[in-house]
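Peer 1: As numbered in the working numbering, residues 2 to 85 make up the sequence shown, in order.
No lab work stands behind these hints: they were computed from the structure.
One thing to keep in mind: the hints can contain errors.
To be verified - Taking lysine-lysine and the PhoX-like style, the derived pairs with C-alpha atoms no more than 20 Å apart in a straight line are: (1) K8 with K30; (2) K21 with K52; (3) K38 with K8; (4) K45 with K73; (5) K32 with K83; (6) K13 with K85; (7) K30 with K52; (8) K8 with K73; (9) K38 with K85; (10) K73 with K52; (11) K18 with K52; (12) K73 with K30; (13) K85 with K8; (14) K13 with K73; (15) K18 with K85; (16) K13 with K38.
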Amino acid sequence: MERNLRKERVGKVVSNKMQKSITIAVERKVKHPIYGKFVNRTTKFMAHDEKNEAGIGDTVRIMETRPLSKSKRWRLVEIVEKAK
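Modelling step: build the complete structure from the supplied sequences, incorporating the hints.
Peer 2: The structure is reproduced here in structure tokens:
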């Protein structure tokens with residue numbers, strides 16, 4: 002798989018208590034099938050953070066990668082915005 006074909010997501014860090022791992026919550030809007038209202042849906046991804054640089058509340062960009070563990074298939078690309 003080429004690097005430019007890998008999926009990218011932007012989300013907020015909700016946990017960084019692990020070593021070299023972070024949990025990211027990615028929000029998306031989904032239209033309700035019957036009522037048509039747009040509802041927020043959240044998906045949590047575990048990502049590899051080699052330098053332990055992301056903190057809770059940071060907005061980060063992650064990219065799909067090979068499986069690194071049982072639950073990690075994403076890696077940190079960049080920190081878009083630091084939490085205040």
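Peer 1: Give a verdict on every hint.
Peer 2: Hint-by-hint comparison with the structure:
{"no.": "1", "hint": "K8 with K30", "in the structure": "holds (18 Å)"}
{"no.": "2", "hint": "K21 with K52", "in the structure": "holds (7 Å)"}
{"no.": "3", "hint": "K38 with K8", "in the structure": "violated (27 Å)"}
{"no.": "4", "hint": "K45 with K73", "in the structure": "holds (11 Å)"}
{"no.": "5", "hint": "K32 with K83", "in the structure": "violated (30 Å)"}
{"no.": "6", "hint": "K13 with K85", "in the structure": "holds (13 Å)"}
{"no.": "7", "hint": "K30 with K52", "in the structure": "violated (32 Å)"}
{"no.": "8", "hint": "K8 with K73", "in the structure": "holds (14 Å)"}
{"no.": "9", "hint": "K38 with K85", "in the structure": "violated (32 Å)"}
{"no.": "10", "hint": "K73 with K52", "in the structure": "holds (16 Å)"}
{"no.": "11", "hint": "K18 with K52", "in the structure": "holds (13 Å)"}
{"no.": "12", "hint": "K73 with K30", "in the structure": "violated (24 Å)"}
{"no.": "13", "hint": "K85 with K8", "in the structure": "violated (28 Å)"}
{"no.": "14", "hint": "K13 with K73", "in the structure": "holds (16 Å)"}
{"no.": "15", "hint": "K18 with K85", "in the structure": "holds (19 Å)"}
{"no.": "16", "hint": "K13 with K38", "in the structure": "violated (24 Å)"}
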